[in-house]
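Participant: In case you want the letters, here they are:
2 protein chains.
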Amino acid sequence: MFENKGRTEIEQLGEFGLIDHLTKHIEIKNKTSVKGIGDDAAVLNFEGKKTLISTDLLLEGIHFDLAYMPLKHLGYKAIQVNLSDIYAMNGTASQVTVAIGLSSKFPLEAVEELYQGMTIACEKYGVDLIGGDTSSSKQGLIIGITSIGYADEKDICYRDGAQEGDLLCVSGDLGGAYIGLQLLEREKNIFLENPNIQPDLEGKDYIVERQLKPEARKDIVEVLKLMKIKPTSMIDISDGLSSEILHICKQSKKGCNLYEEKIPIDPMTYDTARDFGIDPTVCALNGGEDYELLFTIKQSDFEKIKNNPDISIIGHITEAAAGCNLISKAGIVHEIKAQGWTSLKSN
Amino acid sequence: MFENKGRTEIEQLGEFGLIDHLTKHIEIKNKTSVKGIGDDAAVLNFEGKKTLISTDLLLEGIHFDLAYMPLKHLGYKAIQVNLSDIYAMNGTASQVTVAIGLSSKFPLEAVEELYQGMTIACEKYGVDLIGGDTSSSKQGLIIGITSIGYADEKDICYRDGAQEGDLLCVSGDLGGAYIGLQLLEREKNIFLENPNIQPDLEGKDYIVERQLKPEARKDIVEVLKLMKIKPTSMIDISDGLSSEILHICKQSKKGCNLYEEKIPIDPMTYDTARDFGIDPTVCALNGGEDYELLFTIKQSDFEKIKNNPDISIIGHITEAAAGCNLISKAGIVHEIKAQGWTSLKSN
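Chains as they are written, first to last, in my numbering: chain H, 44 to 390; chain A, 44 to 390.
Everything labelled a hint here was simulated from the structure, so no lab data went into it. Among the hints, erroneous ones may be present.
Chain copies aren't distinguished; within one or between two, either way the pair holds.
Listed next, the in silico DSS-like pairs over lysine-lysine satisfying Cα-Cα at most 25 Å (straight line) [stated by the list, open to error]:
| id | residue 1 | residue 2 |
| --- | --- | --- |
| 1 | LYS293 | LYS231 |
| 2 | LYS273 | LYS231 |
| 3 | LYS197 | LYS271 |
| 4 | LYS78 | LYS268 |
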């Protein structure tokens, strides 16, 4: 579960000792962060810009399984997942707060690893950790992250701006995080049945990494800005492509045509899904946790985007009455249905 | 645990159905809230003001016990506790986000009660609920709240601004929330031993309410503004007077003299503490959860404040070398020690 570096009980430090220990190396770097950790609230300065706020809760046994999720990766992922929401508004992420609940099974060394992953993510994405809360928990590990960012009002992309004729685009490739999870679950079950068998993840780095160490697409937001494209709507893919497309169509009061053959799926995702007897398209549509960006752009922006290897055009927006349709490789039209992330059904 | 209104399983609604159901009546009222629930992030506008952010995590079995905490009160308290941090910066609270983890023991009706309490608190304090996250949980109820507010830079009160000679002030009275908790715990234990015995809280409304339904001191922030007093430092009392005084002294690099006889304690708190064989002063110093404001003001502001029945002057700030001292009623000098909130030790 965590690397073996000895075991220091958190009780020895107490709450304030723990907070001091974990936060003493944290530096404030953004000029928008006026005051970080150490007071009742953090103080931020977004003069002239709009403030963006998003909150996520990650619970042990629901959102992550420490049997195969190293704590450093978990810390990294927890930050990514939340920054992704700020990028999905076409904003700049600048701060995070971190609330952690810890049961007594976690020694200080474990919490340090979690924080290390968070700190690496914050540094990589240029985000300040400005505050939080630390508590004991009876329920294992609980992580609550609030991410904060900013944008000029004219740049903000909502979910409700898609117009008829707009092109439906997605960054990166889809389904990898889901099939990576299936692989990790299988190896965990084999290990539980026979602890002498080591996990066989040989050659599966890409999809395992998609699950354990996703990257929020800050780069896509920057590339769009460079290309002078403002998406008419945008959302991040946390719950699977189907669910996110329906959010955009519902809020924009539009329909869409999505072409199965255009959905970007990595060959390793494709082959591993086949090995598991799962349709790769289903992984992309309903899998979730890819943290890619789904967005719509005007047709007039087509020339700017068409040669970008990191962006795929997967369909277009139609009038609401036409419905939300998936056109299969065989040319059959299916209605897109919400599947969504199953975290509410898992208990 | 919650009023009997039938039982609707949350699974029937699904995550998005639950969010829609709970949030459909939520209206945005503050002009600083540009966009609330329904996108990847909320959008806020604090043009010309600084943004204040604070996060708290409340966990079942650690921070609250549903045996005596009605869910509506819990929702109300969860919001209060967090707004209190914004007021402690001398700011105006304007928004909250709410992240909730729910185990399957909670039907929809229970979550509705929790939300009802939150909504009542938001309305009373003029705060918009602008977003959040909802998830299943394997064990019990998890509540993560982030509160957001704003202030002019010149008005913000940090913990580190106390100066030698400043008067140490506190709002309201202290120790009530702690002794209220002792009373509720006693009645719970009697009930567990003999379920036929009903709780005897007769005439104890005030201290029970201090525990179950605290009020963040927005009114004190407003009164100070009216009196043209800017505290030189301020903090809210969540962990007990001792702990908070030490925060101010440590961060301001100062000492203090605190006079036991000046600490405001309500007669019911005093008498009930005596009944329990607890020193009432200890309840005030180490009890926590009073959510009053502790602040320092310049001596020149004494005349403005001296007749305010809701503010007590309990001591003064000294040079650091003099240490942090409690002068007892008998005139004996004790060093003030951090006790702090025990939520990290309870597991």
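Participant: Can you list which hints this structure breaks, lowest number first?
Facilitator: The structure breaks hints 1, 2; every other hint is satisfied.
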